[in-house]
Amino acid sequence: MNLQSAMHPAGPDGERIAALSWLLFGGGGAIFVLVMVLVLVAVVGGRWERRLLGSRRAIVVGGIAFPVVVLTALLLHTLGLARAIGLPLAGGEPPLRIEVVGHQFWWEMRYPGTLPDGGIVTANEIRIPTGRDVMLEVTSADVIHSLWIPALHGKIDMIPGLVNHRRIRADEPGVLRGQCTEFCGAQHAMMAFYVMAQTPEDFAAWLDQQRLPAAEPDRPILALGRQVFGAAGCGGCHAVRGTEWNARIGPDLTHVGSRLSLGAGVLENHRGTLAGWIAGSQDLKPGNRMPSFAAALDGQELRAVAAWLESLK
Amino acid sequence: MQVVGFSPMLNAIAGLIVWAAHFLLVYGAQATVCWRGLAGATLWGQPLVPAIVLGLTALGLVAVALIGGRAWRRLHSGLASQEGEEQSQFTLWMSLAVTLMAALAMVWEAVPVLILPPCG
Ligand SMILES: [Cu+2]
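From first to last, the protein sequence lines stand for chains A and B. Its first residue numbered 1, the first sequence is counted upward by one per residue in UniProt numbering. Its first residue numbered 1, the second sequence is counted upward by one per residue in UniProt numbering.
What the hints contain is simulated information worked out from the structure, not anything from laboratory work.
Computed far set for chain A versus chain B, every beta-carbon distance over 10 Å: (1) E15; (2) F66; (3) P95; (4) E108; (5) P200; (6) F203; (7) S261; (8) A294.
Label pairs and their computed distance ranges (CB to CB): (9) Q282(A) x L104(B): 45 to 55 Å; (10) A21(B) x Q282(A): 47 to 57 Å; (11) Q4(A) x L10(B): 45 to 55 Å; (12) L23(A) x L25(B): 29 to 39 Å; (13) P291(A) x A21(B): 44 to 54 Å; (14) S55(A) x L104(B): 19 to 29 Å; (15) A19(A) x L16(B): 27 to 37 Å; (16) G40(B) x A186(A): 32 to 42 Å; (17) A65(B) x N2(A): 47 to 57 Å; (18) G40(B) x Q227(A): 49 to 59 Å; (19) A21(B) x G86(A): 22 to 32 Å; (20) R57(A) x L104(B): 11 to 21 Å; (21) G86(A) x L54(B): 17 to 27 Å.
Here the structure is a predicted model, which is why all the values come from computation and not from measurement. Virtual Cβ for every residue (Gly too), placed ideally from N, Cα, C.
Chain B extracted, bound-state conformation (with noise of 0.2 Å):
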C-alpha cells in the first residue's frame, strides 16, 4: 500500500488545515446567515444555521477520520518500519494525533448551535 499525493509532512498537518478551514467556514456561514437576517430560514426543514454548521461538521470529521485511517492502517502494516524510515514513524504520529486534535476541536466549536439561538 502506498500513499499517494501527500508529502509526509502536509500529511501530519492534514487534520489541521482540515479544522482551520472547518473554522473558517463556520464563521463565515453563521456571521453571513445573521447578517442577512436568516435567522429563521431553514434548509430541508432544519434551521439554517444549525444545519450548515453540523453539515460542515460532519463533513470535517468525516475527512479527519479518512486522514487519521490511513495513518492509522499505515502505522500498523509495518511498512514504516519496512521503509527503515524513523522520521516516517514520526508523521504518521503525527497525522494520528493531530486528527483526533482536529475532531475534538470541531465538535466543541460545533456544539454551541445546539443550545444557544444562532445570531444572539
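Extracted from the complex, chain A is given alone in its bound form (with noise of 0.2 Å):
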C-alpha cells in the first residue's frame, strides 16, 4: 500500500517534502476560505463594509502588500528546504553512489565500484540500504527522463550529456515504486521502477550475489535456454556476465531472475511472465525497443529460455 505516495513519506526528505505540501494545503485553503468570505461580504454586507473593501488602502494592503510578503515568506521557506535536502545528513559514512540511466523505456542502475572492473549492472530497480545515504547519479542515454520516487524525494531530470545528483534516504526496510515523469515517448506511462530498501546485512547480501557471473546451467532444459538466447540473437542487445554477451542496447540480464518487475514494471517476474514477455513484448508495451519472438522462437524452445532466465537468480 502507498507505494508510490508523496503523503506516505519513507525517509527525511520525503518527510520535508511532505510537510511542505501540507503546509501549501492549509495555507491556500485558509486564504481561499478569507477570499470567499470577503466576496460575501461584497455581496450582502453594509455600506460602510463594502466601501471599506473597495478603497485604495484595502486594494494596495490585500492585493499587493499580502502577497508578496506571503510569497517571499514562501520562497524562503521553500529555498531552505531544497538546501536542507542537498546537505548530507549525519551518518558519518560517506553515501553510497548509484548510477542510473534513463532509456526509452526502462531504467539501467550501475553500483560503481562493486566489482574490480567496474561494477553490477541490473536494470528497473534500486536496492539501497536503510539508514544510509545514497547518491544517484542520473543521466539519459537518449531523450529526457525524469525520475521520482515520491515517498523519498523531489522529482531530478535525466538529461543526455548532463549528470544530476539527488540524495535519497530511506529509514525502514521495504518496497516503494517509482516513475518516469518527464514524457519520453510512447512508452513514458510504462517505465516504472521499484526500490528496496533493505537491511545493511541484507543490503550486502544482495550485493554478494550479485557479484556473482551468471550461473551455469544444470539441467538439460536451461542448457538449451542459453543455447536459445544465442541462436535468437538476444545476445546483440543484452549481456549476461559470464557469458560472450554483452551488450547494452537492453537490460543487463545477469540475475533478472532476481528482479522484482518485468518490462520497467510493466509484468511480475516468473516464468511464465518472462515466456509472455519474449513472445510479445510488442503487444505487452507496444512501441519498446524489443521485438516480439512469438514468431522466431517455438514452443519448447520459448519455454526453455524463459526457464534459462528464471533460474538467473
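Take the two lone chains, each set in its own frame, and fit them into one complex as the hints suggest.
Below, the structure written as C-alpha cells:
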C-alpha cells in the first residue's frame, strides 16, 4: 500500500516535502476561505463594509502587500528546504553511489566500484540499504526522462550529456515504487521501477549475490535455453555477465531472475511472464525497443529460454 | 522635460522587457556554467554563478529604477495632464507599476543563488 505516494513519506527528505505540501494545502485553503468570506461581505455587507473593501488602502494591503509578503516567505522557506535536502545527513559513512541511466523505456542501474573492473549493472529496480545516504547520479542515454520516487524525494531530470545528483535515504526496509515523470515517448507511462530498501546486512548479501556471474545451467532445459538465447540473437542487445554476451542496448540480464518486475514495472517476474514478454513484448508494451519473438521461437524454445532466464537469480 | 526615444506604449512595458532579458540571461548563464563544469570557478574571487546572477540583477534593478523614476517624475511634473492626454497618464502609471513588479520578480529570481548550490 502507498508504494508511490508523496503523502506517505518513507525517508527524511520525503517527510520534509510532505510537510511543505501540508503547509501549502493549509495555507492555500485558509486564503481561499478568507477570500470567499470577503466576497460574501462584498455581496451582502452594508455600505460601510463595502466602502472599506473598495478603498485604495484595502487594495494595496490585501492585493499587493499581502501576496508579496506571503510569497516571499514561502520562497525563502522552500529554498531553505531545498538546501537541507541537498546536504549530507549525519551518519558518517560516505554516500553509496548509484548511477541511473534513463532509456526509452526502462532504467539502467549501476553500482560503481562493486566489482574489480567496474560494477554490477541491473535494471528497473534500485536496492538501497536503510539508514544510509545514497547518491543517485542520473543521466539519460536518449531523450530527457525524469526520475521520481514520491515517498523519498522530489523529481530529478535525466538529461543526455549531463549528470544530475539527488541524495535519497530510506528509514525502514520495504518496497517503494518510482516512475518516469517527463514524457519520453510512446511507453512513457510504462516506465516505472521498484525501490527495495533493505537492512544493511540484507543489502550486503544481495550485493554479494549480484557480484557473481550468471549461474551455469545445471539441467538440460536450462542448457537449451542458454543455447536459444545465443541462436535467437538476444545477446546482440543484452549482457549476461559470465557469458560471451555483453551488449548494452537492453537491460543487463545476469541476475534477471532476482528482479521484482519485468519490462520496467509492466509484469511480475516469473517463468510465465518471462515467456510472455519474450514472445509478445510488442503486444505488452507496444513501441518498446525489443522485438516480439513469437514467430522466431517455437514453444519448446520459448519455455527453455524463459526457464534459463528465471534460473539467473 | 521631454521623453525621448520610447513611444508611450514601449515605455509602459519596458520593465517587462528588462525582466525578460534578465530571466533569459540568468537562465542561460547558469546552464552554460554548469554544463561546462565550471561550478567551482570564480570571478574576481567570487563564486561564478552567484557573481554573474547578482551582477545581472544589479544591472536589471538599475535599468528598471531609471525607467520607473522617469515615469514617476513625469507623473508628478504635471506635464502629462498639461498635454491633456489621459492615455499618457495611464501609460505612465502602467510603466511605474510594471517596473515595480519587474524589480520584485528579478529579486525573487536572484535569491536562490544565495541559498542553493549553483549546479545542483
Ligand atoms: Cu522516460
